[in-house]
Amino acid sequence: MLFFRKARSEEFEAIALPHLNDLFRTARRLLGEQAAAEDVVQEVYLQAWKSWHRFERGTNCRAWLFTILFNTVHHYRRKWAGSVTNQADEDLEKVQYTPPVPETVMDEEVLAALDRIPPDFRAVVLLADVEEFSYKEVAGILKIPIGTVMSRLSRARKLLRDELAAVAQSYGIKRASQGAQEV
Amino acid sequence: MNTINFNEAVCKRIRTQLDHYLSNELSVETNHEVMKHLEACAACSQELETRMRVKNLLRRAVQSDSAPPALRQRIEGRIRASEPSFSFLSFSPRWALAAAAVAVILGGVMAVRWRTNRLYDDAGAQAAYIRAVGARLPRIQTVGLADHLHCAVFRRFPQEYPAEAVAAQQLGPQFVQLVSMVKERMPGEYRVVMAHRCSYAGRHYVHFVLRSDSNLLSLVITEKQPGESFSRMEASSGAEVSVPVYEVAAKRFEVASFESQGYLAFIVSDLDGKNNLQIAENLAPLLAGFLNSING
Numbered sequence: 310m311l312f313f314r315k316a317r318s319e320e321f322e323a324i325a326l327p328h329l330n331d332l333f334r335t336a337r338r339l340l341g342e343q344a345a346a347e348d349v350v351q352e353v354y355l356q357a358w359k360s361w362h363r364f365e366r367g368t369n370c371r372a373w374l375f376t377i378l379f380n381t382v383h384h385y386r387r388k389w390a391g392s393v394t395n396q397a398d399e400d401l402e403k404v405q406y407t408p409p410v411p412e413t414v415m416d417e418e419v420l421a422a423l424d425r426i427p428p429d430f431r432a433v434v435l436l437a438d439v440e441e442f443s444y445k446e447v448a449g450i451l452k453i454p455i456g457t458v459m460s461r462l463s464r465a466r467k468l469l470r471d472e473l474a475a476v477a478q479s480y481g482i483k484r485a486s487q488g489a490q491e492v
Numbered sequence: 009m010n011t012i013n014f015n016e017a018v019c020k021r022i023r024t025q026l027d028h029y030l031s032n033e034l035s036v037e038t039n040h041e042v043m044k045h046l047e048a049c050a051a052c053s054q055e056l057e058t059r060m061r062v063k064n065l066l067r068r069a070v071q072s073d074s075a076p077p078a079l080r081q082r083i084e085g086r087i088r089a090s091e092p093s094f095s096f097l098s099f100s101p102r103w104a105l106a107a108a109a110v111a112v113i114l115g116g117v118m119a120v121r122w123r124t125n126r127l128y129d130d131a132g133a134q135a136a137y138i139r140a141v142g143a144r145l146p147r148i149q150t151v152g153l154a155d156h157l158h159c160a161v162f163r164r165f166p167q168e169y170p171a172e173a174v175a176a177q178q179l180g181p182q183f184v185q186l187v188s189m190v191k192e193r194m195p196g197e198y199r200v201v202m203a204h205r206c207s208y209a210g211r212h213y214v215h216f217v218l219r220s221d222s223n224l225l226s227l228v229i230t231e232k233q234p235g236e237s238f239s240r241m242e243a244s245s246g247a248e249v250s251v252p253v254y255e256v257a258a259k260r261f262e263v264a265s266f267e268s269q270g271y272l273a274f275i276v277s278d279l280d281g282k283n284n285l286q287i288a289e290n291l292a293p294l295l296a297g298f299l300n301s302i303n304g
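In order, the protein sequence lines correspond to chains Y and Z. 310 is the number of the first residue of the first sequence in the working numbering; add one for each residue after it. 9 is the number of the first residue of the second sequence in the working numbering; add one for each residue after it.
Here chain Y stands alone, though its shape is the one from the complex:
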């Protein structure tokens, strides 16, 4: 057994390390700061390496790593989970009419809009829409019921649309004021 240690670390690097970017950018969006994200992702890998013997070969390593990521983030920011609002379900009762979202938005503006969304919603939209985990996987990673995943995702997308619509509006205002100056 001892003699296979070398192969074990090679296996770990081959299977787990390719997800580094995905974990990093998720951590970055959850924590805001680059340095904090780097610390957390490093911690995730060290944790994963320590419990590599518990990882079931053939199962989804990426989802496993994301589960560790959210545990670590949770640990990193004890208060992180405390900010869920309960508006989500009421709002969904209404028919949603989305104000126009601009066709092209700068990446920075999208990220700024994302950062303004409450963390619990941000987490769900990152996992479902960026990392493309299924609802079931998201529920497993965040340890919440699937129903909650569904409502948080809808709410998160709605908040994001509203934020981006506000950006569009500011474009409109800019254009209008530029137009006024030209006249």
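Hints should not be assumed to be uniformly reliable.
Partner residues aside, some chain Z positions facing chain Y, computed with beta carbon under 8 angstroms [said to hold, decoys possible]:
no.	residue
1	Leu-66
2	Arg-67
3	Val-70
4	Leu-79
5	Gly-85
6	Ser-90
7	Glu-91
8	Arg-193
9	Arg-199
10	Gln-233
Calculated directly from the structure, the hints in this document are not laboratory data. Glycine is no exception: its CB is placed at the ideal position from the N, C-alpha and C atoms.
We have chain Y already, so just place chain Z on it with the hints.
Relative to the frame of chain Y, chain Z by itself:
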């Protein structure tokens, strides 16, 4: 022109499903119902398009960020550092089986001793290992290998590699020029983690340890003892090279050696033979010239 009969109740129901439709998480029946509605309802279709656009914008924006390369290196370093000390003994599966059988015979006591980083702490075990690795080499080639194993492989390095001033102080005025020479001639991905004078098995060495993200390499220089020369061996480097370099493999280590009038020099690493030789060839002319100059 299609007249859209806007039925608020239907649209309301469909729109609560739209996000799950977008995530491809609806049951077949509901999926079908949504699709049918979308064909007929421009408003809901428009709404779906907007949601899809936001999803794509989000994905693109978040994915524009990526982890700094140094992070990956740091993680790999931590993982490798946490491996047991003997992990550098790379076994093929066949050897691993044989070794496992031996390990069973030797029993638990031995296993515990291995586990407590015995090779790091026990000079006798180190010497035995060094002899085993170099067993098939001409004796003169083991000189550099032994110091690499003793000093670079078994040693725990400080995290911070020495400032040039420290290296210069440890090397002494005679060899201080080597610092800039090594810097100039070694591939860029290698950094000096140690530069000092050391001794092992009755010989004195000038020793540089360099590390890249995945490899450990030593430059070992020692004074010739009477009769020592590589000249009777067949050089590995081509005829066009002014200083011939001799390359041999010992287990998973590669040893490239060359000489000046008074010194033997070795590049020892866990690289493959070709790369190890290339590094040595690149350094040899400059270094041999320097060693000849201090020889007087």
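Practice prompt. Could you work out which earlier hints the structure fails to respect and list their numbers in ascending sequence?
Written response: Per hint list: 5, 8, 9 and 10 violated.
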